[in-house]
Structure formats: structure tokens, C-alpha cells
Amino acid sequence: MKLRSKDILGLDHLETDEINLILETAADMKKIVTSRMKKVNYLQGKTVITLFYENSTRTRVSFELAAKYMGAQAVNVSVSTSSVAKGETLIDTGKTLDVMGSDIIIIRHSMSGAPHLLAKNVEASVINAGDGMHEHPTQGLLDMFTMRETFGDLRGLKVAIIGDIYHSRVARSNIIGLTKMGAEVRINAPSTLMPPGIETLGARICPSIEETVEDCDVVMGLRVQLERQKKALFPSAYEYSRFFGMNPDNIKGAKKHALWMHPGPVNRGIEMTSSIIDGDASVINDQVTNGVAVRMALLYLLTGREE
Amino acid sequence: MRLLITHGTIVHADRIEKDMNIYIENGKVVMMGQNIEREADQVIDAKGLYILPGLVDAHCHLRDPGFEYKEDIASGTRSAAKGGFTSVACMPNTNPVVDNVSVVNYIIEKAQKEAVVNVYPIGAITKGQEGHELAEMGSMKHAGIIAVSDDGKPVMSGAVMKKALIYAHQFGLPVISHCEDLDLADGGCMNEGVTSTIMGLRGIPSIAEDVMVSRELLLAEYTGIPIHLAHVSTKTSVELIRQAKERGVKVTAETCPHYFTLTEKACLGYNTLAKMNPPLRTDDDVKAIKEGLRDGTLDIIATDHAPHHNDEKNVEFEKALNGIVGFETALALTYTTLVDKGILSLSQMVEKLSTKPAQILGLDKGTVACGKDADLILVDFDNEYTIDVSGFASKSKNSPYDGYKVKGRVMATLVSGKAVYTHTAFKGL
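Sequence lines, in order, name chains P and Y. With this note's numbering, letter number 130 in the first sequence gets 130, and the count goes up by one each step, no holes. With this note's numbering, letter number 125 in the second sequence gets 125, and the count goes up by one each step, no holes.
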């Protein structure tokens with residue numbers, strides 16, 4: 001079986017069998033990531049470019065390592081020092097990278113839909129590494145991979161997603177992906193950070209943190225995206241942590257074996273207390289490792305489509 | 001020049017006359033009737049065709065001066081003629097803005113030289129359309145503007161709008177309001193709702209329009225001065241206008257073909273051709289707009305013809321400019337969506353696309369009658385075809401209707417008795 005599209009733009013266009021294929025491939029890739037000799041030649045002769053219009057540490061490094069572990073040429077285009085800073089359009093930048101022989105272009109952009117525009121205009125495969133408030137499919141996949149590692153199957157899992165849902169591409173990809181795979185998703189946010197109609201994606205809105213985490217297998221906190229806040233949507237960080245942050249008291253109702261996740265970077269003490277972040281049930285660091293494995297799987301599967 | 005049009009069906013705003021001849025001399029309609037025979041220099045056989053008063057567009061952007069790469073007066077009026085519009089009122093958001101006499105003069109002089117249809121400039125309400133100080137409306141009126149509007153931007157200050165209404169009224173200038181509360185719109189780029197959530201785009205809530213519509217209705221009621229509301233797109237606005245009319249507020253309102261043919265779903269896939277302001281709304285809004293047109297709450301249909309270069313649309317959705325070209329699709333979309341489906345009669349369509357917009361703007365246009373300018377169009381409403389944007393006369397092709405199947409083709413457009421457009425398949429001329 002192969003992926004149907006040349007691009008990974010969002011989980012909304014992946015079928016369940018494709019998601020399963022990616023997650024199963026990632027399980028093999030994880031063996032490479034965690035071995036002493038992290039080098040295979042699956043991507044030898046391939047060129048992978050990361051084109052990031054927004055700052056990022058973990059996602060960019062994760063993609064770069066994923067490419068390098070598999071023997072690809074990996075090039076980072078830094079937007080602040082490239083022609084983009086001279087006003088070049090996305091399409092022109094994309095076409096330029098395309099004709100230099102890139103096989104895969106990985107793009108992060110502050111505007112929703114930018115990867116779709118790029119994908120339409122280049123021959124290379126495009127992977128969305130996060131677009132505006134739209135999707136972050138590789139994060140959704142690595143989150144699902146992390147849950148599957150513990151629980152084996154996503155069907156019937158109860159997953160709580162708590163925080164700034166409005167600005168969160170992580171939330172959208174997780175809601176879409178998890179719902180597709182048969183999990184039950186509940187969400188909670190300050191009312192000003194809950195986007196209208198989000199329940200049509202399959203999530204159930206819960207009024208309080210206590211009710212959201214009740215009997216849950218997984219609890220995911222979302223970063224308060226202070227940089228994305230055009231206007232103050234809540235009065236202060238203090239008030240956020242007091243009423244909307246997770247602390248040992250308001251999360252007692254989750255299952256004993258519940259996993260604690262966060263896409264990072266974490267605002268410690270705002271969306272989650274440090275006791276949760278650093279607690280035994282936290283898999284935040286596993287998520288990061290799994291991110292490399294999932295991205296290796298995607299690079300492998302996309303370059304293998306033609307063969 | 002004497003012209004005789006024979007055997008056409010004339011559609012007036014209040015009646016239809018079959019098998020009519022129209023005799024035109026020196027650009028004016030001189031005689032109308034069945035079987036009238038006069039010697040003419042030219043005879044047009046209109047058998048099987050409908051004769052409508054030339055359409056009057058109360059809202060378009062000709063982009064001249066300043067944005068001639070999108071459209072200019074020559075190309076814009078040819079596009080209008082092809083769509084059946086014989087008179088167009090162009091909005092002042094050019095560069096420079098039409099907020100002084102010299103820009104008005106420029107447009108009028110250029111139109112005299114290059115335009116193929118009648119061009120009526122609309123002046124700005126405020127200097128630079130910045131919403132603060134009133135523009136020189138009196139002087140611009142003397143130079144030839146027929147209305148004032150800050151279209152593209154709202155007049156955010158209620159105090160400025162109140163002054164504008166009172167001042168413009170003294171000069172007999174209608175005020176056209178672009179209803180949008182910018183604070184509520186909050187930098188959004190499509191309708192706020194399920195679709196904006198799915199696409200991860202900032203939404204413009206419908207109340208951004210409704211709140212401003214309410215303010216304008218109250219200002220009109222308070223001052224007793226009429227106001228015209230541009231491009232109404234929401235269900236609640238239609239209802240607010242309906243209620244205001246019932247209690248006697250002097251308000252007229254327009255909508256555009258896109259607000260009764262498309263919904264926000266047209267934006268899916270980041271289709272920038274469906275990006276406009278006000279944004280495309282929901283099915284419920286479309287239903288309400290149709291009902292508002294049917295019951296007369298919405299007086300007229302305007303195009304909001306807004307040409308943009310492909311480079312301004314072939315970008316990230318948030319970056320793409322607002323608006324679509326509309327001259328060459330308005331009549332067919334209105335006929336196909338409203339008349340063919342029994343929502344409006346042919347006469348009501350003529351009222352909304354010609355007679356009433358002329359009245360609102362105070363133009364002696366929009367009728368087929370003796371003594372009036374022979375601004376007429378010949379239309380074949382049985383002609384079914386697929387819209388092909390590549391054939392547009394406009395410089396810009398930013399239309400979401402490429403590939404749409406429609407009915408109703410303009411076969412010829414006459415301005416003051418002169419054919420300014422004829423379809424290649426029209427043999428009667």
C-alpha cells in the first residue's frame with residue numbers, strides 16, 4: 001500500500017488505512033531512532049528542504065534529523081536571510097526550490113492554507129509542518145503514535161484536549177485524526193478561545209477541566225499562544241492558570257493510567273503545573289522522540305510513492 | 001441616425017409588452033408600439049429576444065486612476081457593456097481617492113473619451129476615505145458626482161456619519177454606506193463559522209455587518225434623511241431593514257449576485273476567488289437574501305465589480321485581496337438563480353437591475369420610454385451556456401463562476417441608440 005497524495009497537507013485528507021500505514025511504518029523507524037547506529041540509506045540521493053516562515057526548534061530539528069538519519073540531503077531555508085525577506089512570493093520561492101531538485105519541501109507558515117498553495121505550484125511533495133490555525137498533521141500523527149504505543153489501539157480511547165483551542169492547529173489535527181481513528185475527543189477552553197462550530201469536527205465541548213478529564217485515557221494540554229493573540233482573549237496569565245490551567249486537584253478524575261501530553265513548548269505553571277509536566281505519567285519527552293520516527297515514516301513513504 | 005428595432009418583447013419594471021417595435025432617433029426613443037413602421041437607417045430584428053432598459057450598476061470599481069493594471073475606464077466599461085450595463089456608478093477608492101474635484105474631472109473627462117457606457121463617479125464621504133473629515137461633497141457634486149460613499153471602508157464614527165448624511169442631503173447626494181464594524185470584523189478574512197474554524201482562518205462575524213446596519217438605520221430614522229446600504233449579505237441585516245422599512249425609515253438596500261448564489265463553502269480549499277468583503281455567508285443567509293429580494297426589502301442588485309490582478313489572488317488566502325469581477329455574470333446569474341426559479345418575475349429583475357438603481361442615484365435612466373435615452377439591451381434568456389472567464393472583456397478574470405452553467409445572454413447593448421456591444425452570434429444587427 002502507498003500514500004494516495006503526493007503531499008501531506010492535513011489529517012483531513014488522509015484515510016484511516018493511510019494513517020495506519022504511517023503509524024506502523026513509524027514503529028519500525030523508532031527502532032532506528034533509538035538504536036546506537038542511527039543511519040539507514042532509505043533516502044540516499046533525495047533532497048529534503050525545510051522552509052520555515054515561523055520560528056520553531058523541535059519541529060524543524062525533528063524533520064532535519066529524520067531526513068539525515070535516512071541519508072537524505074537536508075537543507076534549511078531560513079526565511080529571515082533568504083529572498084523571502086526581499087519580498088519574494090511563496091509561489092516563486094517554492095518554484096525556485098523545486099527546480100533545484102528538491103524531492104520534499106517541508107513548510108511552516110503563519111497563514112492557513114499556505115502549504116496547499118505551495119503544493120499546487122511545485123512538483124515536489126509538500127509536508128505541512130503547521131499552517132496558521134489550520135493543521136499540524138505531523139504533530140497529530142506523532143500524538144496518535146504515542147497513544148498507540150501505550151494502548152495498542154486508538155478505538156474507544158477517551159482523549160481530553162485542554163487549552164487554547166481557537167489558535168491551535170495541534171488541536172484541529174488531533175481532533176480530526178483521533179475522531180477518524182475511533183477515539184472519543186473532549187475539549188475544554190476559556191470560552192473566548194473556543195472556535196465556533198468546532199464540535200462539527202467530532203469533538204465534544206465540556207464546561208470544566210474536571211468534567212473534561214473524567215475517566216480519560218489521555219489528557220493533552222495546549223500551549224497558550226501568546227504570540228498569536230492579536231487581542232487579549234483572557235485577562236491575564238494569572239487568571240488563566242487559576243481557572244483554565246491543569247493542576248493536581250482538578251485532574252484527579254482522569255484514569256489512573258492516563259497519559260499526560262503537551263505539544264510544547266510549555267508555559268510552565270500556566271497551562272499545566274510543573275508537577276504534571278515532570279510527573280511519571282507525562283510522555284512529553286516520548287512525544288518528541290516519536291516525532292522523529294513519524295517524520296521519518298512520512299519522508300520514507302512519500303519518496304517511495306513513485307517506485 | 002435613425003434606428004428601428006422590430007418584434008421584440010419589452011420588459012418594463014411594471015409590465016411586459018410583446019411584439020414591439022421601437023423607433024430611435026438621435027439617441028432617444030421616439031416611438032414605441034406594435035406594427036409601427038418608420039423609415040430608418042438601420043433595422044434591428046429582435047424577434048425572439050427581450051428588450052430591457054440598459055442595466056444600471058449602483059456599485060462598481062473601475063480602478064481608474066491608480067490601478068489601471070486591474071481595470072481602466074476603457075476596459076471596465078467594455079466589460080459593463082458586455083454584461084448589459086449601460087450606466088455604471090464607480091466607487092471612489094481609487095488612487096488618489098475621489099475626494100476632490102480634480103479626480104472627479106479626471107474620471108469624467110476620461111470617460112468622455114474612452115468609455116462605451118455612461119460613467120457616474122461616486123465621491124468619497126471623508127477625505128482620503130479615512131473616516132474623519134468630510135470631503136468636499138458640494139464641489140464634487142458640481143463636478144459631476146452622483147452620490148457619496150467610503151465603500152471598501154466603513155465610516156466608523158457615528159458622529160461623522162451623522163454629519164455626512166445631513167451635509168450630503170443638502171446637496172441632494174445619496175449616501176451609500178459600506179456597513180462593517182471593523183472592531184467586530186477584527187481582521188478576519190472570511191465569514192466566521194464552522195467553515196472558518198475548519199480552515200483555521202480568522203472569521204468576520206455576521207454581526208460586524210448587522211451592528212453597522214442597525215446604526216445606519218437609526219441614523220436615517222433620527223435625521224429623517226435617506227440612506228442606501230451597500231452589499232447586504234446577512235439574514236439579520238435583511239430582517240433589520242425589513243423592520244425599519246415597516247416603520248417608515250427611508251432606507252434602500254442592495255445585494256450582489258454572489259450573496260444569493262454562493263456560500264462560505266466556496267472558500268474551501270483556500271479558494272481566493274471566493275474571498276470578498278462582506279464575506280460569503282451561509283445557506284440561511286442566502287435564503288434570507290432571496291426572500292429579501294422577493295418581498296422588496298432589498299431594492300436592487302449591484303455587481304460590486306471588483307477587478308484584481310491574478311498576482312493579487314494567487315497568494316495565501318489571508319493575503320489575497322477582496323472582491324470579484326461582476327459585470328459579465330450579474331444578469332445571467334440573476335436570471336438563472338432568481339427568475340428561472342420563480343423567485344422574481346422578469347419585471348422585478350428589471351426593476352432591481354435597472355429602474356430602481358437609477359431612481360436611487362437620481363439618474364434619468366432605467367426605463368424604455370418615449371423621450372428617454374435609447375439605452376437598451378437585447379437579451380436571449382433561452383440561451384444556455386457555460387461561463388468562461390477567459391473570454392471576459394474585463395482586464396481581470398477573478399471570478400468564482402468559471403465553468404458555471406447559466407441562462408441568459410446579452411446579444412446587443414445600445415447606449416443612446418449606438419450599439420456598443422454585439423454578441424458574435426447575433427445576426428439581427
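Quick caveat, the hints were computed from the structure, so don't treat them as lab data. Hints may be right or wrong, so weigh each one.
To be verified - Dumping the calculated DSS-like pairs for lysine-lysine here, alpha-carbon to alpha-carbon at most 30 Å:
| hint | chain 1 | residue 1 | chain 2 | residue 2 |
| --- | --- | --- | --- | --- |
| 1 | Y | K153 | P | K95 |
| 2 | Y | K405 | P | K120 |
| 3 | Y | K405 | P | K95 |
| 4 | P | K180 | Y | K265 |
| 5 | Y | K153 | Y | K397 |
| 6 | Y | K110 | P | K120 |
As the list claims (entries may be wrong) - Derived list of chain P stretches under chain Y, where covered just means 3 residues or more per stretch with a C-beta under 8 Å from a C-beta of chain Y:
| hint | stretch |
| --- | --- |
| 7 | 85–93 |
| 8 | 126–135 |
| 9 | 193–201 |
Each residue gets a CB set at the ideal place from its N, CA and C atoms; glycine is no exception.
Quiz item: Does the structure break any of the earlier hints, and which numbers would those be?
Solution: Of the numbered hints, 1, 3, 6 do not hold.
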